[in-house]
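**Student:** Residue 5 in the numbering used here is what sits at position 12 of the sequence shown, and the numbering runs on without skipping anything.
Just so you know, not all the hints are guaranteed correct.
[Stated by the list, open to error] Capping the alpha-carbon separation at 35 Å, the derived lysine-lysine pairs in DSBU-like fashion look like this:
#1 Lys119 <-> Lys65
#2 Lys33 <-> Lys115
#3 Lys33 <-> Lys(-4)
#4 Lys84 <-> Lys18
#5 Lys(-4) <-> Lys108
#6 Lys65 <-> Lys33
#7 Lys58 <-> Lys18
#8 Lys87 <-> Lys108
#9 Lys65 <-> Lys87
If you are wondering where the hints come from, they were derived from the structure by calculation, not from laboratory data.
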Amino acid sequence: MDKYILAMDQGTTSSRAIVFDHDGKLIGSQNQEFEQIYPKAGWVEHNPDDIWNTQVEVAREVLKKTGVSANKIAAIGITNQRETTLVWDRKTGKPIYNAIVWQCRRTAPICDDLKDRGWVEKIQKKTGLVIDAYFSGTKIKWI
């Protein structure tokens, strides 16, 4: 029985699903874009339902298009938008707010405040990162 790998790539502007065979040969792919939300200048969000629904849809479609049944998928590889941040309510399982996208600058004032209060060295030593709105920590604080 042939086995396949399903790669699921949830990107900044679209969701993709790609099927590879055991030798790494591309069997088929499917892509679907979703809406970018810009509530203010420099702010970027995604609707969590759009992320989920497009990813499920492209996975279904690529399996249908390639004729590969789900029981022939041996492994699933998942990639995402890295620092895009989404928080769920632990009781309801529902998102608390839209996903705050990696390039959103809404938390720059929080970062500036941390810098002004002398946190640069401590945060870099603890995390290896610089203070920047790109990273998820200040996005979580904002949410």
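**Student:** If you draw a straight line from the CA of Lys87 to the CA of Lys108, is it 35 Å or shorter?
**Tutor:** Given that 35 Å is the threshold and the Cα spacing comes to 33 Å, the pair holds.
**Student:** Compare the distance between the alpha carbons of Lys84 and Lys18 with 35 Å, and conclude whether the hinted pair is satisfied.
**Tutor:** violated (42 Å)
**Student:** When you check the alpha-carbon spacing of Lys65 and Lys33, does it fall within 35 Å?
**Tutor:** Judged against 35 Å, a Cα distance of about 45 Å means the pair is violated.
**Student:** Are the Cα atoms of Lys(-4) and Lys108 separated by 35 Å or less?
**Tutor:** Cα-Cα ~51 Å, so violated.
**Student:** Starting from Lys33, check that the Cα of Lys115 is at most 35 Å away, please.
**Tutor:** Roughly 31 Å separates the two Cα atoms, so the pair holds.
**Student:** Decide if the proposed pair is consistent with the structure: Lys119 and Lys65, CA atoms, cutoff 35 Å inclusive.
**Tutor:** Judged against 35 Å, a Cα distance of about 43 Å means the pair is violated.
**Student:** Mind checking the alpha carbons of Lys58 and Lys18 for me, to see if they're no more than 35 Å apart?
**Tutor:** Given pair Lys58, Lys18 holds - Cα atoms ~16 Å apart, limit 35 Å.
**Student:** Mind checking the alpha carbons of Lys65 and Lys87 for me, to see if they're no more than 35 Å apart?
**Tutor:** holds (31 Å)
**Student:** Would you check the hint for Lys33 and Lys(-4), treating anything up to 35 Å between C-alpha atoms as holding?
**Tutor:** Answer violated: Lys33 to Lys(-4) is near 46 Å, above 35 Å.
Checked against the numbered hints above, the structure violates hints 1, 3, 4, 5 and 6; every other hint is satisfied.
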